[in-house]
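Asker: What follows is each chain in one-letter form.
6 protein chains.
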Amino acid sequence: MHKSILVVAAHPDDEALGCGGTIARLSQEGAAVHVAFLADGVTSRAGEAAADQGGLRARRAAAGNACEILGARTLYFGDFPDNRLDTVALLSLVQTIEELIAKFRPDVLLTHHAGDLNVDHRLIHQAAVTACRPQVGSTVRTLLAFEVPSSTEWQPPGSAPVFAPNWFIDISTSLSRKLAALDAYAVEMRAWPHPRSRQGVEHLARWRGATVGVDAAEAFMLARRLF
Amino acid sequence: MHKSILVVAAHPDDEALGCGGTIARLSQEGAAVHVAFLADGVTSRAGEAAADQGGLRARRAAAGNACEILGARTLYFGDFPDNRLDTVALLSLVQTIEELIAKFRPDVLLTHHAGDLNVDHRLIHQAAVTACRPQVGSTVRTLLAFEVPSSTEWQPPGSAPVFAPNWFIDISTSLSRKLAALDAYAVEMRAWPHPRSRQGVEHLARWRGATVGVDAAEAFMLARRLF
Amino acid sequence: MHKSILVVAAHPDDEALGCGGTIARLSQEGAAVHVAFLADGVTSRAGEAAADQGGLRARRAAAGNACEILGARTLYFGDFPDNRLDTVALLSLVQTIEELIAKFRPDVLLTHHAGDLNVDHRLIHQAAVTACRPQVGSTVRTLLAFEVPSSTEWQPPGSAPVFAPNWFIDISTSLSRKLAALDAYAVEMRAWPHPRSRQGVEHLARWRGATVGVDAAEAFMLARRLF
Amino acid sequence: MHKSILVVAAHPDDEALGCGGTIARLSQEGAAVHVAFLADGVTSRAGEAAADQGGLRARRAAAGNACEILGARTLYFGDFPDNRLDTVALLSLVQTIEELIAKFRPDVLLTHHAGDLNVDHRLIHQAAVTACRPQVGSTVRTLLAFEVPSSTEWQPPGSAPVFAPNWFIDISTSLSRKLAALDAYAVEMRAWPHPRSRQGVEHLARWRGATVGVDAAEAFMLARRLF
Amino acid sequence: MHKSILVVAAHPDDEALGCGGTIARLSQEGAAVHVAFLADGVTSRAGEAAADQGGLRARRAAAGNACEILGARTLYFGDFPDNRLDTVALLSLVQTIEELIAKFRPDVLLTHHAGDLNVDHRLIHQAAVTACRPQVGSTVRTLLAFEVPSSTEWQPPGSAPVFAPNWFIDISTSLSRKLAALDAYAVEMRAWPHPRSRQGVEHLARWRGATVGVDAAEAFMLARRLF
Amino acid sequence: MHKSILVVAAHPDDEALGCGGTIARLSQEGAAVHVAFLADGVTSRAGEAAADQGGLRARRAAAGNACEILGARTLYFGDFPDNRLDTVALLSLVQTIEELIAKFRPDVLLTHHAGDLNVDHRLIHQAAVTACRPQVGSTVRTLLAFEVPSSTEWQPPGSAPVFAPNWFIDISTSLSRKLAALDAYAVEMRAWPHPRSRQGVEHLARWRGATVGVDAAEAFMLARRLF
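Residue numbers (my numbering), protein chains in the order written: chain A, 1 to 227; chain B, 1 to 227; chain C, 1 to 227; chain D, 1 to 227; chain E, 1 to 227; chain F, 1 to 227.
In case anyone wonders, no lab produced these hints; they're calculated from the structure. The beta carbon of each residue, even a glycine, is placed where N, CA and C say it ideally should be. Among these hints, one or two may not hold up.
Chain A is faced by these chain C residues, among others (derived, beta-carbon under 8 Å) [as the list claims (entries may be wrong)]: (1) SER92; (2) LEU204; (3) THR211.
Assemble the whole structure, with the sequences as input and the hints as a guide.
Answerer: Written as structure tokens, this is what we have:
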């Protein structure tokens with residue numbers, strides 16, 4: 001149904017954790033899915049002074065493998081500083097996303113939730129909703145926020161907007177590809193009972209599925225839908 | 001796109017005020033729209049003891065005219081007591097809506113907002129979301145709450161859930177039919193600057209349109225979307 | 001640690017769905033757990049005029065079995081009308097809970113969430129928090145609201161207060177007893193992928209566990225804690 | 001400044017607890033303050049079948065004394081059932097308040113908060129905001145909700161709308177009359193450290209005062225202000 | 001009624017969009033209205049390295065014309081970087097506003113809403129409420145947040161605090177001056193159906209008016225009122 | 001009961017204002033309480049260029065005296081810039097708190113509220129909840145946010161998350177030590193009727209106490225509790 005979908009994520013693995021099943025399903029159904037990572041996902045661990053070039057290459061290679069499994073058509077890597085997006089003007093993030101929108105002309109944009117524990121996620125949400133201003137000529141008709149295990153559910157209620165999903169996408173036929181994509185990010189994954197473990201991700205997908213009567217689902221909060 | 005749409009409203013005129021443009025647009029696009037009014041919309045004004053039969057007939061006739069203008073296929077009139085739905089077990093409302101869903105098998109259900117000033121609106125919202133439990137086999141894929149001028153915007157913030165729309169339906173081509181349907185409810189309409197005046201309704205539709213870059217729109221809050 | 005715990009639920013099976021693992025764990029750790037069901041859990045299905053006495057007996061027997069598995073010490077059955085608590089004065093519910101508190105002198109009270117889809121759940125929450133007014137001499141030091149699959153997660157955001165848990169109880173060692181208790185309620189349980197299926201309940205428990213780094217957990221919202 | 005003020009309270013003593021200092025100050029500044037109690041404040045304690053006529057007379061006498069101390073001009077006693085307003089159609093409450101508004105033509109209306117623990121308070125709030133629909137010709141320009149010790153602060157967050165005040169009235173010069181009015185309700189008052197004790201009321205007034213830099217204040221949530 | 005009013009806005013045109021009718025009405029009624037723009041409103045479009053001096057002069061000239069039409073007495077131009085206030089310490093904004101308050105000693109302060117889409121608006125709100133701490137000696141008795149078309153209504157619900165107005169100012173007699181002031185900002189205005197078009201602004205003003213039964217209004221959220 | 005408690009505050013005096021009674025009570029009951037101040041609490045007043053070394057020493061000496069009175073075992077002084085934490089990457093704050101957690105292995109962590117007026121408080125809350133991710137091996141079982149007079153209650157509702165307490169600690173026996181600790185911060189304290197006056201602090205403690213039926217209490221919002 002959808003022609004062009006843009007996923008705007010902070011770090012490689014967020015796209016698979018947040019909406020990997022949706023990417024896989026919609027790609028298979030014929031949509032062109034473009035995935036953009038704005039932060040490099042490595043720098044902050046290697047210290048401020050020197051980025052770990054090996055780590056960077058490895059993580060980008062993992063992203064390539066994951067997105068190939070999911071069927072994404074395009075990958076984009078920004079180089080904003082990992083876990084330090086609050087040191088960058090929000091406007092820079094907005095302009096980057098605006099350029100991606102101009103290039104891919106998506107009708108659906110998927111991004112982080114406003115209230116995640118991770119500061120990069122929160123700022124990318126802010127930037128994405130700003131870039132998606134519903135002006136005349138805007139291509140984005142559906143703007144959704146996904147949940148990322150080990151960030152969304154870790155934000156205490158009362159500290160930030162709560163993730164309360166109202167949009168559910170059936171991923172019964174694509175959950176296996178989501179999990180395979182996460183295998184590509186083995187370095188980022190953790191052992192059970194961590195929420196960012198293979199089992200943790202599957203339990204969440206099953207619970208979101210049961211919520212709406214299907215075998216597996218990904219859950220989203222709708223930011224805006226134009227019809 | 002949508003095959004079958006069920007509108008669950010408290011009183012005749014709520015459907016036109018809340019989603020008349022949407023009914024008209026989607027009917028014209030081929031959807032079968034069914035409109036159900038749960039309260040009789042007259043009793044409370046005529047006193048508790050005796051319903052005003054003439055008023056009841058007149059209001060139902062107006063509803064017939066309005067829905068013909070809008071292109072609705074079916075009308076249903078419940079006889080729950082007007083402005084006194086809080087004297088009825090919520091379960092009775094739920095069961096009535098469940099029967100309507102079983103009959104019409106809608107994929108979209110449109111109903112009142114949870115936080116309207118009018119108590120009938122609030123209770124019908126509660127009943128409708130209960131009737132739309134997303135169980136296996138449920139036909140309803142999209143559940144939306146509309147706003148009704150002179151009820152939704154009159155609820156003070158802090159008193160009930162705020163109407164903060166995230167779903168906008170372009171009614172540029174059907175606003176005129178919405179206004180014509182409201183003309184059929186002349187008895188219920190008020191003179192400007194009342195929000196339930198012809199001009200009030202148009203200003204709101206234009207503002208909701210401008211919000212998303214179209215000439216006129218109706219705004220909704222998404223309760224749940226299954227995809 | 002806790003000496004006396006009172007669970008105030010609407011219907012038999014809510015206690016097992018909502019906090020069965022907690023009952024089982026704390027019972028084993030020495031607490032005296034008392035479970036009260038305020039609605040009979042049967043009437044509304046059999047019609048208003050005549051309660052289905054056989055169904056009533058069967059459900060109470062199931063509750064007896066379930067609570068024996070969980071280790072609860074006392075069962076109390078109220079006879080408020082099932083799914084029709086909104087036809088009863090809230091004060092009657094409050095007074096019933098006050099009597100239970102006076103009798104069992106609990107230091108912990110577990111009850112439904114304020115925003116469940118089920119109207120009985122919502123009203124019992126209101127009644128319970130009223131009965132637990134933190135006056136001089138009140139025994140209740142901890143007041144928690146649990147989530148019930150097929151009710152809590154089915155309430156759309158924007159319709160009622162969202163369940164956003166901040167209190168997690170590790171039930172890794174008692175999940176099996178929770179599931180066994182639910183087996184006792186076979187009539188109430190559903191097939192996967194319904195949230196009130198054995199698998200649905202387990203996926204939720206695993207996900208709540210992963211959220212806080214344990215094998216299984218039950219999640220609660222704190223209403224009030226006195227220390 | 002204000003010409004006519006209507007206080008709509010559930011029970012005698014709520015007016016003094018919630019806005020006694022404001023009544024006293026504005027009365028002295030020349031406003032005509034009218035106080036309406038909708039519930040009789042006695043019935044529920046004496047049982048459903050028979051109202052305690054002696055208790056009723058005593059409580060109305062106390063209200064008379066309190067309001068004389070505060071300088072209120074008019075008292076109105078409704079006879080809706082105490083602590084059982086949820087057994088009455090909300091419309092009946094609305095119509096009663098509408099009649100009071102038509103009679104006194106207030107420019108300011110003060111009433112309970114939407115989220116109090118007491119069910120009568122919550123329903124009177126709903127009825128009052130309904131009666132104050134801002135239609136052409138409405139006299140009410142300012143609609144405020146007050147807090148009542150032992151009800152407002154006893155509602156757990158997450159159960160109902162939170163009282164978060166944004167309107168503060170300096171009662172430095174009238175706190176003594178507020179406390180004297182509460183002395184008239186000796187039967188309703190409790191010993192420290194109950195929030196409905198003389199000291200509890202004063203500590204709250206001092207804290208609300210300190211919040212805005214005055215010796216004592218009453219705090220309100222604004223529902224609506226027309227200017 | 002009010003003696004001195006301070007408007008704290010991010011960019012020239014925000015004051016006219018947000019509260020131009022109020023400025024015009026209150027100026028005519030004798031208040032001294034002072035308008036402060038904290039960001040230069042131009043830099044970010046011309047790039048970081050070099051501000052467009054011509055654009056800056058033109059926008060300040062437009063502001064001068066607009067505020068003359070509205071009857072504002074004083075204009076103040078800060079030079080914080082446009083659309084990049086998140087690169088400045090909030091404290092700097094606070095101190096600038098504190099100096100303005102010390103200079104003009106306003107009893108009313110009007111500023112942006114906490115939840116606007118524009119990051120400058122959000123930060124100025126934070127700075128303004130900080131500068132208005134209600135300490136002994138503070139002159140500000142009324143603190144209000146206005147809405148700015150193309151920013152306030154473009155923030156998705158769930159992303160930031162929702163604008164839910166509770167304070168309405170009748171601008172029936174000053175709407176024409178508001179629109180004339182916006183004509184002075186022709187460069188900033190857009191064609192219908194953009195919300196920042198002449199028609200968009202008028203539809204909103206009419207709808208806010210109808211909400212409270214007048215021909216046109218501006219709507220605000222009360223932050224704090226001292227009385 | 002608790003073995004190790006870590007208080008993470010912005011500035012010296014926040015610990016005494018926010019949870020001084022709790023520190024005193026729990027220290028006396030045998031807990032090891034560690035207090036960390038992340039900002040130096042002086043710089044912003046002396047200008048950006050040069051920190052006032054004398055003021056810094058004096059404030060640290062006051063903190064030493066206060067924490068000795070309260071019975072805290074360890075003091076830690078960070079040197080993040082006072083009232084300018086928004087110029088620092090949040091990650092730096094997170095890492096500092098993580099180091100403190102690694103060192104002291106607290107089971108309880110007390111910190112600022114998410115919605116305080118003071119920007120340093122808000123950012124420390126964000127950093128603390130991030131540092132307390134409930135991973136396998138995390139020692140923190142209870143994460144609470146306290147209120148600080150002259151910051152928490154000064155944030156207007158609608159601007160940030162509201163402080164709505166659900167956790168109350170009886171400080172009847174330790175209020176005198178809290179007040180004595182505040183005497184050590186004489187330079188920071190203000191005269192009545194400022195909320196950060198001795199009397200203001202006591203009125204709040206008494207009101208929080210009355211709320212739960214004790215002579216004095218400190219109130220908290222629970223972020224997360226693992227059991």
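Asker: With reference to the structure, classify each hint as holding or not holding.
Answerer: Evaluation of the provided hints:
{"no.": "1", "hint": "SER92", "result": "violated (32 Å)"}
{"no.": "2", "hint": "LEU204", "result": "holds (5 Å)"}
{"no.": "3", "hint": "THR211", "result": "holds (5 Å)"}
The structure fails hint 1 only (numbered hints given earlier).
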